[in-house]
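Please construct the entire structure, taking both the sequences and the accompanying hints into account.
Here the protein sequences line up with chains A and H, keeping their order.
Just so you know, my numbering puts 167 at position 167 of the first sequence, and the rest follows in order with no gaps.
Just so you know, my numbering puts 284 at position 77 of the second sequence, and the rest follows in order with no gaps.
Misleading hints may appear alongside valid ones.
Claimed, not checked - Here are the computed lysine-lysine pairs in the DSS-like style, where the Cα-Cα straight-line distance is at most 27 angstroms:
(1) K390/H <-> K405/H
(2) K34/A <-> K405/H
(3) K70/A <-> K241/H
(4) K132/A <-> K389/H
(5) K238/H <-> K130/A
(6) K59/A <-> K337/H
(7) K405/H <-> K198/A
(8) K34/A <-> K221/H
(9) K241/H <-> K31/A
(10) K31/A <-> K405/H
(11) K337/H <-> K183/A
(12) K186/A <-> K339/H
(13) K151/A <-> K241/H
(14) K87/A <-> K405/H
(15) K34/A <-> K266/H
As the list claims (entries may be wrong) - A short, non-exhaustive set of chain H residues, derived as facing chain A with CB atoms under 10 angstroms:
(16) A249
(17) F372
(18) L377
Don't read these hints as lab results, they were simulated from the structure.
In this text the structure is predicted, and so the values were computed from the model without any measurement.
All residues carry an ideal CB built from backbone N, CA and C; glycine is no exception.
2 protein chains.
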Amino acid sequence: MDKKQVLKKRMTKKERVSQIVNVASMLFANKGFKGTTTREIARKAGISEAVIFKYFSKKVALYSAIIDLKCNDTAGQSRLMKTLEGKIGRDVFRQVASFLITEHQKDPSFMRLLMYSALEGHNLSDIFIKTKGMELIEFLAGQIRGLIKNKVFREIDPVIAARSFMGMVLHYSLAQEIYGLKKYFKTPNKNVIETFIKIFFEGMTRR
Amino acid sequence: MDKKQVLKKRMTKKERVSQIVNVASMLFANKGFKGTTTREIARKAGISEAVIFKYFSKKVALYSAIIDLKCNDTAGQSRLMKTLEGKIGRDVFRQVASFLITEHQKDPSFMRLLMYSALEGHNLSDIFIKTKGMELIEFLAGQIRGLIKNKVFREIDPVIAARSFMGMVLHYSLAQEIYGLKKYFKTPNKNVIETFIKIFFEGMTRR
DNA sequence: ATAGATATAGTAAGCACTTACTAACTAAAA
DNA sequence: TTTTAGTTAGTAAGTGCTTACTATATCTAT
Chain A
1 MDKKQVLKKR MTKKERVSQI VNVASMLFAN KGFKGTTTRE IARKAGISEA VIFKYFSKKV
61 ALYSAIIDLK CNDTAGQSRL MKTLEGKIGR DVFRQVASFL ITEHQKDPSF MRLLMYSALE
121 GHNLSDIFIK TKGMELIEFL AGQIRGLIKN KVFREIDPVI AARSFMGMVL HYSLAQEIYG
181 LKKYFKTPNK NVIETFIKIF FEGMTRR
Chain H
208 MDKKQVLKKR MTKKERVSQI VNVASMLFAN KGFKGTTTRE IARKAGISEA VIFKYFSKKV
268 ALYSAIIDLK CNDTAGQSRL MKTLEGKIGR DVFRQVASFL ITEHQKDPSF MRLLMYSALE
328 GHNLSDIFIK TKGMELIEFL AGQIRGLIKN KVFREIDPVI AARSFMGMVL HYSLAQEIYG
388 LKKYFKTPNK NVIETFIKIF FEGMTRR
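Next up, the structure:
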């Protein structure tokens with residue numbers, strides 16, 4: 001009678017850590033820090049709770065690691081910035097809007113993570129906003145300054161203008177993905193973005 | 208020797224319920240549903256936990272009562288709508304923007320409550336968004352339709368345009384009050400609003 | 001008016017269960 | 001054999017919610 005053991009496949013530390021991070025990211029994004037239990041993370045990862053605490057001293061350490069990771073994983077934005085370097089004009093705004101909207105649509109979890117983090121007062125969220133968020137605002141403000149200098153745009157505070165454009169775009173994403181408006185409002189991204197551009201660009205233009 | 212009893216002041220049911228609602232509102236707005244404990248509500252109200260459950264069968268019943276209350280307490284918006292009835296033009300948008308920004312600034316707790324509710328999936332938040340939120344959007348879209356008919360505005364989708372304006376305004380409030388940008392960005396409301404109006408109105412205007 | 005009956009507002013203590021976190025051990029790989 | 005990845009079985013401190021009780025106010029019959 002051969003009692004065969006179920007063959008347990010062990011993971012390396014690196015693999016396991018990344019798996020835990022993935023599972024936990026999803027949960028933290030959906031339920032927030034308080035709303036997510038270490039037990040559920042473990043269950044969803046198919047391991048015992050103790051493993052989590054072997055790799056992360058505290059629940060909040062895991063959370064911080066995730067926020068850190070997500071904040072530094074901004075290859076997309078960096079690529080965008082590089083693409084747009086030197087360019088100026090309508091298409092720059094179009095591409096920024098398109099990037100933000102499609103990115104949030106593909107994966108709303110980062111937006112949720114950020115919102116939860118801001119509401120729950122985990123200071124790591126403002127690090128992101130005060131670096132990557134400001135970077136975008138400053139980039140757009142720079143664009144606007146350029147267009148004002150070229151006498152294309154009127155004399156309007158570049159930072160407020162940049163924020164107004166970001167507001168259009170980001171609030172649209174927020175409403176669609178988090179307030180659940182995408183169930184009722186299905187205009188294709190392209191049309192929405194074109195309309196935003198039209199309003200903003202003509203609004204800024206001299207006449 | 209007169210041992211005087213500390214005079215315990217009893218409240219009527221109505222008084223107590225409203226006190227509990229007030230205390231709990233503040234806590235739910237700051238910490239979300241999951242982050243707030245019935246124990247803390249009781250402590251902050253200076254009563255024992257059992258009192259809460261005398262008036263509200265479950266924690267979530269208290270939460271629902273609060274959201275319900277806040278959603279129906281829209282005297283401000285109703286007053287605004289009445290004031291603006293029949294009017295058309297730049298000043299309508301100015302007043303809507305001013306209303307939203309000052310309201311959120313005076314008391315950001317409603318915005319926080321709404322955000323938490325949307326993130327935590329308490330369906331009551333979308334009731335608000337799909338009634339009061341849509342009401343405002345529809346109102347602005349109506350304005351825009353009027354201005355298009357009058358050949359003041361160009362032919363632009365009125366709903367997307369309305370959402371873009373709301374986006375400017377609401378994302379500004381969100382960033383200031385919840386992302387904590389008001390620490391760094393202190394331009395007076397009046398200037399911000401004027402800039403938004405300038406951009407949006409000129410952006411929509413025929414030429 | 002006042003004594004007793006009844007209803008209401010409140011409490012202290014604790015139940016059953018969950019939380020984040022730990023210690024002491026075992027199995028697989030190097 | 002030694003290291004590493006994993007488990008089992010706990011802990012103390014919460015969690016929402018209930019029970020069994022007391023203090024205060026209001027009503028009613030005398």
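Going through the hints against the structure:
1. Taking the CA atoms of K390/H and K405/H, the gap is near 25 angstroms; set against the 27 angstroms cutoff, the hint holds.
2. For the hint pairing K34/A with K405/H, the CA-to-CA distance comes to about 43 angstroms; that exceeds 27 angstroms, so the pair is violated.
3. Straight-line distance between C-alpha atoms of K70/A and K241/H comes to about 24 angstroms, which keeps the hinted pair within the 27 angstroms bound.
4. The suggested pairing of K132/A with K389/H holds, with an alpha-carbon distance near 17 angstroms, which does not exceed 27 angstroms.
5. A distance of roughly 23 angstroms separates the Cα atoms of K238/H and K130/A; the hinted pair therefore holds under the 27 angstroms criterion.
6. For the hint pairing K59/A with K337/H, the CA-to-CA distance comes to about 36 angstroms; that exceeds 27 angstroms, so the pair is violated.
7. Proposed proximity of K405/H and K198/A is supported: the alpha carbons are some 14 angstroms apart, at most 27 angstroms.
8. Taking the CA atoms of K34/A and K221/H, the gap is about 32 angstroms. The hint is violated against a cut of 27 angstroms.
9. For the suggested pair K241/H and K31/A, the alpha carbons sit about 9 angstroms apart, so the restraint of at most 27 angstroms is met.
10. For the given pair, K31/A sits about 40 angstroms from K405/H by alpha-carbon distance, which is inconsistent with the 27 angstroms threshold.
11. As the CA atoms of K337/H and K183/A are separated by approximately 11 angstroms, the hinted pair is consistent with the 27 angstroms bound.
12. As the CA atoms of K186/A and K339/H are separated by approximately 20 angstroms, the hinted pair is consistent with the 27 angstroms bound.
13. Proximity of K151/A to K241/H is assessed by CA-CA distance (about 53 angstroms); at most 27 angstroms being required, the pair is judged violated.
14. A C-alpha spacing of about 26 angstroms is found between K87/A and K405/H, which places the hinted pair at or below 27 angstroms, so the restraint holds.
15. For a cut-off of 27 angstroms, the pair hint linking K34/A to K266/H stands: about 16 angstroms separates their Cα positions.
16. Hint on A249/H is violated. Least Cβ distance to chain A is approximately 19 angstroms, over the 10 angstroms limit.
17. For F372/H, the suggested interface contact is upheld, since its CB lies about 8 angstroms from the closest CB of chain A, less than 10 angstroms.
18. With a cut of 10 angstroms, the hint placing L377/H at the interface with chain A holds, because the nearest CB-to-CB distance is about 5 angstroms.
Going down the numbered hints, you'll see the structure goes against 2, 6, 8, 10, 13 and 16, while the others check out.
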